[in-house]
Amino acid sequence: KNQVEQSPQSLIILEGKNCTLQCNYTVSPFSNLRWYKQDTGRGPVSLTIMTFSENTKSNGRYTATLDADTKQSSLHITASQLSDSASYICVVSAWNNAGNMLTFGGGTRLMVKP
Amino acid sequence: NAGVMQNPRHLVRRRGQEARLRCSPMKGHSHVYWYRQLPEEGLKFMVYLQKENIIDESGMPKERFSAEFPKEGPSILRIQQVVRGDSAAYFCASSPPSSQGYRAGELFFGEGSRLTVL
Numbered sequence: 036k037n038q039v040e041q042s043p044q045s046l047i048i049l050e051g052k053n054c055t056l057q058c059n060y061t062v063s064p065f066s067n068l069r070w071y072k073q074d075t076g077r078g079p080v081s082l083t084i085m086t087f088s089e090n091t092k093s094n095g096r097y098t099a100t101l102d103a104d105t106k107q108s109s110l111h112i113t114a115s116q117l118s119d120s121a122s123y124i125c126v127v128s129a130w131n132n133a134g135n136m137l138t139f140g141g142g143t144r145l146m147v148k149p
Numbered sequence: 071n072a073g074v075m076q077n078p079r080h081l082v083r084r085r086g087q088e089a090r091l092r093c094s095p096m097k098g099h100s101h102v103y104w105y106r107q108l109p110e111e112g113l114k115f116m117v118y119l120q121k122e123n124i125i126d127e128s129g130m131p132k133e134r135f136s137a138e139f140p141k142e143g144p145s146i147l148r149i150q151q152v153v154r155g156d157s158a159a160y161f162c163a164s165s166p167p168s169s170q171g172y173r174a175g176e177l178f179f180g181e182g183s184r185l186t187v188l
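Protein chains in written order, with this note's numbering: chain A, 36 to 149; chain B, 71 to 188.
Hints are computed from structural coordinates only; laboratory data are not their basis. A virtual CB, placed ideally from N, CA and C, is assigned to each residue, including glycine. Hints are supplied without guarantee of correctness; some may be wrong.
The calculated lysine-lysine pairs, modelled on DSSO-like cross-linking and capped at a C-alpha distance of 30 Å, are [said to hold, decoys possible]:
#1 A:148 / B:114
#2 B:114 / A:92
#3 B:114 / B:141
#4 A:72 / A:148
#5 A:92 / B:141
#6 B:121 / A:36
#7 B:97 / A:92
Examples of chain B residues lying across from chain A (beta carbon under 7 Å, computed) [as the list claims (entries may be wrong)]:
#8 143
#9 161
#10 181
With the sequences and hints as input, model every part of the structure.
What follows is the structure in structure tokens.
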């Protein structure tokens, strides 16, 4: 069964600090992995998308890594800001004959405090 | 290029009424997904559709819920005889066809429709 596990479930950090969110997956056949940010009351917004051959991808203060061998990904947030307070969701995609099957992680709720 | 459009953004229904939620995918997108989100919880998959086809409805409750994505027009999530437990945010997402290569997996979300059942 395809699964995506995220940790920690929730995290509180002080403004300006760095943090790293983890995503472990067992999805086959792997197509790509994405990190989304969901602000309270809003729809998720894509931060990064990574394919099998990509190890690192950055989007401003967000850096995602992917280790396809160990089936792990991380999202590193540098110099956190209050606006980073949100849920961060890891989504892994697997294509089969039917189409694009997505498996969502449960998300990490990040709170950045002043 | 407009994003994924969902309407209504807010819907209030009394128990026993019907709720219809609409989702217009991004232009050129042929895959539509519906998710439900309860307060303080993650997104729960409901159904995955392509034009005129239901690909995966493993997350849909067996009764009262149905979804369609017709050849023309938006995708519709229909909830009959709503109950208080149906109160949630319902998110729609769309993605391009597989012909667009790896970006075919890129998923774009709407802002959601918030259903309140009184």
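Satisfaction of hint between residue 92 of chain A and residue 97 of chain B, Cα-Cα up to 30 Å: 27 Å, holds
Within 30 Å, alpha carbon to alpha carbon, are residue 72 of chain A and residue 148 of chain A? At roughly 18 Å apart (the allowed maximum being 30 Å), residue 148 of chain A and residue 72 of chain A satisfy the hint.
Run the distance test for residue 121 of chain B versus residue 36 of chain A: straight-line Cα separation, threshold 30 Å. Holds, at roughly 27 Å.
For the pair supplied as a hint, residue 92 of chain A and residue 141 of chain B, is the alpha-carbon distance within the 30 Å limit? 37 Å, violated
Assess, step by step, whether the Cα of residue 114 of chain B is no farther than 30 Å from the Cα of residue 92 of chain A, and give holds or violated. 27 Å, holds
Residue 143 of chain B as an interface hint toward chain A, with CB separation required under 7 Å: 20 Å, violated
Do the alpha carbons of residue 114 of chain B and residue 141 of chain B lie within 30 Å of each other, as the hint requires? 26 Å, holds
Under 7 Å is the threshold here; is the Cβ of residue 181 of chain B close enough to any Cβ of chain A for the hint to stand? Given a least distance of 5 Å, the restraint on residue 181 of chain B holds.
Below or equal to 30 Å on CA atoms is what counts here, so check residue 148 of chain A against residue 114 of chain B. Holds - the C-alpha atoms of residue 114 of chain B and residue 148 of chain A are around 28 Å apart, at most 30 Å.
Less than 7 Å between beta-carbons is the criterion; does residue 161 of chain B satisfy it with respect to chain A? 6 Å, holds
Taken one by one, the earlier hints fail for this structure at numbers 5 and 8, listed in ascending order.
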